[in-house]
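Chemist: Listed below are the residues making up each chain.
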Amino acid sequence: MSPAFNPTVTLAAGEASEHRTLIIILFSIFVLATLVITVWAGRQTKDAADFYAGGRQFTGFQNGLAVSGDYMSAASFLGIAGAIALFGYDGFLYSIGFLVAWLVALLLVAEPLRNSGRYTMGDVLAYRMRQRPVRTAAGTSTIVVSIFYLLAQMAGAGVLVSLLLGITSDGGKIGIVALVGVLMIVYVTIGGMKGTTWVQMVKAVLLIAGALLLTFLVLLKFNFNVSDLLGSAASNSGKGSAFLEPGLKYGATGTTKLDFISLGIALVLGTAGLPHILIRFYTVPTAKAARKSVIWAIGLIGAFYLMTLALGFGAAALIKPDEIIASNKAGNTAAPLLALHLGGVDSNWGAILLATISAVAFATILAVVAGLTLASSSSFAHDIYANVIKRGQATEKQEMSAARYATVGIGAVSILLGALARDLNVAGLVALAFAVAASANLPTILYSLFWKRFTTSGALWSIYGGLVTAVGLVLFSPVVSGKPTSMFPDVDFHWFPLENPGIISIPVGFLLGVLGTYLSKEEPDTGKYAELEVRSLTGTGAV
Amino acid sequence: MATETPPPSKTPAQLPSTEEFVAVQESAEFGELRRSYRGFAFPLTVGFIAWYLLFVLLSNYAGDFMGTKLFGNINVAFVLGLAQFLTTFLIAWWYARTAAAKFDPKAEAIKSRMEGGE
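Going line by line, the protein sequences match chains A and B.
Note that the first sequence covers residues 1 to 543 in the working numbering.
Note that the second sequence covers residues 1 to 118 in the working numbering.
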């Protein structure tokens, strides 16, 4: 970390500098502890079921905690708190979509998936289809969705570091992004799913504890009077009661309103198509335990999002909006800044709180990044390498070493892309991953499980069609070019007006599944569907 | 439509044959399980998605209504937002209870017969 750490650079927010040392110490403790866990888990990782599914021995509660740890990313913590701090009520809209989405996973996906698959989302997508084409498609969309999501986490890491360590040079930021990349490669290649699950459980506990502490301190400042908190946030924001109503971010024009609908649909339908979330259900022994994990996750994640309300409005009430924006244009540093202000700027408590919350945020990013990397590398190894390239003839050893090589490759790609995305709001970036997941993955998951007539052509049309539409629209949206906040602000090749493609790409994904099924002459494999349907609903033959 | 490679290949050796799966799929008992599961999960999914979309549309196009203050600085928008949290918790609890009472016994009966029948 030495090239990144330069004590002479002043902090963006202008605080005392000794807390940098503290941040680095706390962060190093977390990294060391997780590395110990990883090595310990690595010793117990012997076969593919250990590497991909953590031996399937976690309890429903443990996995619920790990699912929460996997889901509450930098987007939830830094992004939502920041969006609330800057846009008030409109930031809160994110958390509602992120939470309601879990019901789709609970009611329709988690248990059937656990009953009929083994390691990856592709196991279920390809179950009743021709293996090679559908596995290739499932692997492709898994990797694309995970990389979008990784991008958001990397952006979060870069942002935190520039605030906390006063690193403003591009070299320093890229150094940190590279450090995160290297750590995630170590976690996944050595610890596999077992190590990753424990890291996520530890992180979930830390994150919830950190959020509880800040929430308590915010509420204490306002004598536990929520109405006062909201009132101060509204007046300090300079926007008055509009700050507490929908519309500040999305209400400006007809286009932004449409963008909000698009975002809402993507959020609510995306979760059940996120590969890194879906593979977590393989870490428990039964579908009932998978159900229990989701119930725990809904409770923990819901409670956490309620706390982000206090964090976001607390930041809006206690910090001048200019200071939040000066520190990061997209508001991503509002939560750490809040910690500093709650403890007292220029006081030791402020420094300690800031350091603690920042270390928690780093832990959050590391754990999520590890989960994403595992999802994409296991899909590469199991779907593409073992079932497509080796046509199902790979040994477990070959498959696991393919997964480890893939981890290194994906780590490298995300380090490269992470450097590009550092000024985008991380919650916005994650919303794109949700849109891609809802367009490319969810239609085929649901059709495969519930629609007898569905065929290989339908699956391919839906996965590729949804994927290309979603990613294509993002490419030509203001997220990538044409606006000061774009990834490439200096060029303008955007023609799609919305930032989130969901409103178009999700219906396209669903529609193409139907069209592909009816327009091809292919007959569905009814025997395989009987197997999949009976297995998914009863658990017969579940591994 | 033959598959090119056997899918999940290391499932337990006693996995029943395709014919047996087809027979079970067509049985009245499995039909009952499918009907009770789908009859519960599908309408409920449509319901909570519609309720969520209603909230999204109100946020977009009914600003005055959403901004109506109810007590102190707490307005309709907050109450409806928190209501989304509450309904999510309730639906999750309701599903878990229904699944344990209604779906699990049927599923387990079919599963143990199929796995034990080899």
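Among these hints, one or two may not hold up.
Ranges between beta-carbon positions, derived for each pair [what the hints assert, rightly or not]:
1) G238/A to L70/B: 53 to 63 Å
2) V408/A to S17/B: 21 to 31 Å
3) L70/B to G344/A: 33 to 43 Å
4) K521/A to L70/B: 42 to 52 Å
5) A50/B to V39/A: 46 to 56 Å
6) K69/B to N223/A: 17 to 27 Å
7) P484/A to G72/B: 35 to 45 Å
8) F476/A to V79/B: 32 to 42 Å
9) V408/A to G72/B: 29 to 39 Å
Taking lysine to aspartate or glutamate pairs in the DMTMM-like style, the calculated list, with each CA pair at most 25 Å apart, reads [stated by the list, open to error]:
10) K528/A to D64/B
11) K329/A to D490/A
12) K452/A to D64/B
13) K452/A to D346/A
14) K46/A to E399/A
15) K249/A to E399/A
16) K521/A to D64/B
17) K397/A to D170/A
18) K102/B to E115/B
19) K397/A to D104/B
20) K102/B to E29/B
21) K249/A to E20/B
22) K483/A to D346/A
23) K329/A to E522/A
24) K239/A to D104/B
25) K111/B to E20/B
26) K452/A to E19/B
27) K292/A to E108/B
28) K452/A to E115/B
29) K483/A to D228/A
30) K69/B to E399/A
31) K528/A to E20/B
32) K221/A to D346/A
33) K288/A to D64/B
34) K288/A to D104/B
35) K106/B to E20/B
36) K292/A to E19/B
Chain A residues, not near chain B, derived (Cβ > 10 Å throughout) [what the hints assert, rightly or not]:
37) S241
38) K257
39) F260
40) D322
Just so you know, these hints were derived from the structure itself, not from any lab.
Here a beta-carbon is modelled for each residue, glycine too, at the ideal position from N, C-alpha and C.
Chemist: Now, for every hint given, state plainly whether the structure supports it.
Modeler: Comparing the hints with the structure gives:
The hint said 53 to 63 Å for the Cβ distance between G238/A and L70/B, and at roughly 24 Å that hint is violated. At roughly 42 Å, the beta carbons of V408/A and S17/B sit outside the given window of 21 to 31 Å. Remark: the range hint 33 to 43 Å for L70/B to G344/A is upheld by a beta-carbon distance near 35 Å. In this structure the hint that K521/A and L70/B lie 42 to 52 Å apart at CB is violated, the actual value being about 60 Å.
Checked against the given bound of 46 to 56 Å, the beta carbons of A50/B and V39/A, roughly 49 Å apart, stay inside it. Our hint of 17 to 27 Å for K69/B and N223/A holds, since their Cβ atoms are close to 20 Å apart. For the pair P484/A and G72/B, the supplied restraint of 35 to 45 Å holds, since their beta-carbon distance comes to about 37 Å. For F476/A paired with V79/B, a C-beta distance near 39 Å keeps the hint of 32 to 42 Å intact.
Our hint of 29 to 39 Å for V408/A and G72/B is violated, since their Cβ atoms are close to 55 Å apart. Of the pairs offered as hints, the one joining K528/A and D64/B is violated, with about 54 Å between alpha carbons and a cut-off of 25 Å exceeded. At roughly 17 Å between alpha-carbon atoms, K329/A and D490/A fall within 25 Å of each other, so this suggested pair holds. With a CA separation close to 46 Å, the supplied pair K452/A and D64/B exceeds the 25 Å bound.
Proximity of K452/A to D346/A is assessed by CA-CA distance (about 65 Å); at most 25 Å being required, the pair is judged violated. For the hint linking K46/A to E399/A, the alpha-carbon distance of about 13 Å falls within 25 Å, and the restraint holds. At most 25 Å may separate the alpha-carbon atoms for a hinted pair to count; K249/A and E399/A exceed this at roughly 47 Å. Distance hint between K521/A and D64/B is unfulfilled; the C-alpha atoms sit about 53 Å from each other, more than 25 Å.
Between the alpha carbons of K397/A and D170/A the distance comes to roughly 40 Å, so the proposed pair goes past 25 Å and is violated. Only pairs whose Cα atoms come within 25 Å are accepted, and K102/B paired with E115/B is accepted, the gap being roughly 21 Å. The straight-line distance between the Cα atoms of K397/A and D104/B is roughly 37 Å, outside the 25 Å bound, and the hint therefore fails. Taking the CA atoms of K102/B and E29/B, the gap is about 13 Å. The hint holds against a cut of 25 Å.
Between the alpha carbons of K249/A and E20/B the distance comes to roughly 56 Å, so the proposed pair goes past 25 Å and is violated. A hinted pair counts as satisfied when its Cα atoms are at most 25 Å apart, and K483/A with D346/A does not qualify at roughly 37 Å. At roughly 52 Å between alpha-carbon atoms, K329/A and E522/A are farther apart than 25 Å, so this suggested pair is violated. Distance check on the hinted pair: K239/A and D104/B sit about 53 Å apart at the alpha-carbon level, beyond 25 Å; violated.
For the proposed pair K111/B and E20/B, the alpha carbon gap of about 12 Å is at most 25 Å, so the pair holds. The suggested pairing of K452/A with E19/B holds, with an alpha-carbon distance near 16 Å, which does not exceed 25 Å. Proximity of K292/A to E108/B is assessed by CA-CA distance (about 17 Å); at most 25 Å being required, the pair is judged to hold. Distance hint between K452/A and E115/B is fulfilled; the C-alpha atoms sit about 24 Å from each other, no more than 25 Å.
For the given pair, K483/A sits about 37 Å from D228/A by alpha-carbon distance, which is inconsistent with the 25 Å threshold. Among the hinted pairs, K69/B with E399/A is inconsistent with the structure: their alpha-carbon atoms are about 59 Å apart, more than 25 Å. Under the criterion of a C-alpha separation no larger than 25 Å, the hint pairing K528/A with E20/B is consistent with the structure, at around 11 Å. Of the supplied pair hints, the one linking K221/A and D346/A holds, its CA atoms being roughly 18 Å apart against a limit of 25 Å.
Among the hinted pairs, K288/A with D64/B is inconsistent with the structure: their alpha-carbon atoms are about 45 Å apart, more than 25 Å. Our distance criterion of 25 Å between C-alpha atoms is met by K288/A and D104/B, whose separation comes to about 8 Å. Between K106/B and E20/B the CA atoms are separated by roughly 17 Å; this keeps the pair inside 25 Å, and the hint holds. A distance of roughly 33 Å separates the Cα atoms of K292/A and E19/B; the hinted pair therefore is violated under the 25 Å criterion.
In this structure S241/A is not separated from chain B by more than 10 Å, as the shortest Cβ-Cβ distance comes to only about 7 Å. At the 10 Å boundary, the C-beta of K257/A falls inside the reach of chain B, the nearest C-beta of that chain being 5 Å off. Taking the minimum C-beta to C-beta distance to chain B, about 6 Å, the non-interface status of F260/A is violated against the 10 Å cut. Every beta carbon of chain B lies more than 10 Å from that of D322/A, the smallest distance being close to 23 Å; the non-interface claim holds.
When each numbered hint is compared with the structure, violations occur for hints 1, 2, 4, 9, 10, 12, 13, 15, 16, 17, 19, 21, 22, 23, 24, 29, 30, 33, 36, 37, 38 and 39.
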